[in-house]
Amino acid sequence: MILKTLFSQLLTKPATNRFPAKYMPKSVLGFLGRVKEGKATLVPPVPVPPRFRGKIAYDREKCIGCQLCIRVCPARVIEFLPEVKKIRMHVARCTFCAQCVDACPVDALAESPDFLLSDTDRSSAALTVE
Amino acid sequence: MPETQNVYEIPIGPIHPALKEPIRLTFRVEGERIRGVDVRTGFAHRGIEFMGMKRNLIQTLYLSERICGICSISHPIAITLAVERAAGIEVPPRAQYLRVIYSELERIHSHLLWAGVAAHELGFDTLLHLTWKVREQVLDILEELSGNRIDYAIPIYGGVRRDIVPAQVPKVEAMVRYYRGLLDELLDAFLRDPSVEARTRNVGILTAEEADSLCAVGPTARASGLPKDVRQDRPYLVYGELGVKAITPRDYGLEPRGDVYDKAVVRLLEVGQSLDLIETCLVEMPDGEITSFPKIPALLAHLKKAEGEGLGWHEAPRGEVIHYIRLEAGVEEPVVWKVKAPTYSNVMSWVPMFRDQEVADIPIIAASIDPCICCMDRVHVVRDGSEATVQMEELLRLSREKTDRVTRRLSPVPRHGGWA
Amino acid sequence: MSALHLVWQAAAVLVGGGLLGLVYKGFDRKLAARMQARIGPPLRQPFLDVGKLLVKESVVPKDAVGWLFRAMPFLAVIASFTVLLYLPWGPFPAVLRSGGDAILVLYLLAVPAVAMALGGFASGSPLATVGAQREIVMLMSYEFPLAVAVVGVVWRLATLGGGPAFSLGAIAAAPLWAQVGPLGVIGLAILAACLLIVTPAELSKIPFDIPEAETEIAGGLMVEYSGTYLALFYLADAAKTIAMAALVVTLFAPYGIAGLLGLSGAGAQAVDLVFHLVKIFVVMFAAVTTVRVAMARLKIDQVARGFWLQITAVAVAGLVLLVLDRMVVG
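Chains as they are written, first to last, in the working numbering: chain A, 0 to 129; chain B, 60 to 479; chain C, 606 to 935.
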């Protein structure tokens, strides 16, 4: 009976996770700034599972510049730097399929659990991996 | 009753709260009665097949995943099956089971999503919030298994990209138990609620004959009593061994009427069927390789050498999806890539379903085929900057010309590789 | 009573009623959200909504009948707030007690619906036209059971000699339940149930939000309204919710608790006023909030049939019981 469900839900906590703050701050950026300064606490996001496909982590030392990742990347995220034979990734374009991770012959690429990547500048340092 | 002067037109779409995607339905309405409907598609045409023909096959695979966010296993499975047929690639048994598990998980989440949307169209938002709350479980499992909540990036030519490790099996089993316990509650909330029944019984009827002659697929056809399911009719992967049976309202002890209620019955029962399939797969899945090409360069090389054509089909949550692919040796991109999404087959069943219904029934009837407009839109004709309508004869002529071009190996696609 | 006194009282009721309407709307939204396992908006959200709408541009469509389109929100808001002046407020009698009775309240409650329908017809949009047609059909459907319920109660009271016929003040002063026989109690209970069913219909709330039906006709008769005009309809709806719930309370539960608590004077009045508001809240929660989260939207033909046949039959049965009770008890 739906009424039973309704009244039990009325008395229990809502299902929503109140990320990033219990009440909507006046300015989200200002709030995040205060979190950085330690003046406010962040309501944490729902935790991600162990093999989550987040922002790609890049080990520059291991990279041999074979460009295989560039060939398989469906979103053309990866740019080749010919002078140094390394790559640069524009995370703003990434679709998080992690096909590059599978393709890399030397395991220079890995899946990281980072997913809070929104930014106002698509070429910011946080969104550029090199 | 003959049409009188009182007939006026109500436009629904391309932007309308009843529609989740752009399509235009123009209804001729007399009072609250619908006298006719004109369906106009093409607002979400993205030229995705053309884009796919300019990318290598691995990139195209992920593009196919983005034909539809909800069927993001179905389209990759259909394209991998097509390419595997064209290039003669074997798929290890374990990978076949894994593909079945993923596609049944997707069916559960898609049907629950539909159930929520249907409840919302009826103005029953509580049911929407309830079903979408319980849908989180299957999304969590998909995230756990694939690493993504949507667009899972799991199938690859020759197998799958991720195994289900032993530590994950109990989690999947727990999810199956969770939904088993919940299924009765869901059936109760949808099928035994008097206000839902008042809004869905005998609304939007598609008779078995109409469904058959309009080539309806998936739950839309099955609700009319047609036992039509490609998993049963033309088995692929390991569906043949699993013995899938098409679900019709008869399995719920009802004589099929083909109304919205029956469509809800079929979809909710299919959630149970998918749970059974997942459980069986977890038990019967053999050990072994999950892909026949563990090294990507080997796969790319094999695909580049491959020559031939292939058809891949899959029973997506909304019905049969078909991918056709044609490969040429020495070319990385597919020469032809053709996609037929289930909504393409189902959209015409709207016409008999809307006939003589009420304006109030429009949203739920439109939703009852679970339309996916962006899956379906394949063509949009713009000539001299304005829209143009192409009649059937011209469409046929254009299609024949194109077939001609393709068979004479004069690819219409300008070839190039790498960065645009 | 001096004219100044009257103005002062009227101002208090109008401002208080408007604020209360918005506060109750906030509670309604919050509680509905919690029943759906959502967080929901903050309680002050209706105030923010009205404030926001008031600063937005008020668009009048090109195809609209301008003056009618503009006038109707004002008519709706005036009518719904006027009802508040004719209703007793717990221990306080109605501000305009000498000027009108239950029949006038019934008519005033119908005015916002008519205003919305006319505004819908005037907006020149097919969706609004469908909504307006539906509003008129709704109005014709629920008016009869509503009238039967209200008139039945006030008529029975008049036969008992409880003051002037159809006076709401008299009903509030002398609750009927204790004065009628067993048949009358059953009849009253039936009429109370009918009135509770009519309440969400009168307020156009699910399952009866057919004239607006967001997923079907995109807001129906409200589809072209924006800015100040929409804010006025919003306020009218808030006031009407209070008025309708207050009418139910006045007719069927006009009890105070000050006597039980042994209070007197200003304290008693304050306690009874608060108790009256709590009762209004309970009626709103039961007849509006709970119903609207527990049901799907019905169709207009289903509603019309239901109200004309079943609900009317039940209401008339209640009325017949009251008549029989009059014959037995006197």
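Quick caveat, the hints were computed from the structure, so don't treat them as lab data. Please note: incorrect hints may appear among the correct ones.
Derived DSSO-like pairs (lysine-lysine); straight-line CA-CA distance at most 30 Å [what the hints assert, rightly or not]: (1) B:K364 <-> A:K85; (2) A:K25 <-> C:K657; (3) A:K61 <-> B:K461; (4) B:K79 <-> C:K657; (5) A:K21 <-> C:K635.
Computed, partial: chain C to chain B, Cβ under 7 Å [claimed, not checked]: (6) E821; (7) L878; (8) Q907.
Beyond 12 Å from chain C on every Cβ pair, some chain A residues (computed) [to be verified]: (9) P13; (10) A14; (11) E110; (12) A124.
Just so you know, even glycine gets a beta-carbon here, dropped at the ideal spot from N, CA and C.
* Violated hints, by number in ascending order, as checked against the structure -> As far as the earlier hints go, 3, 7, 9 and 10 are violated by this structure, in ascending order.
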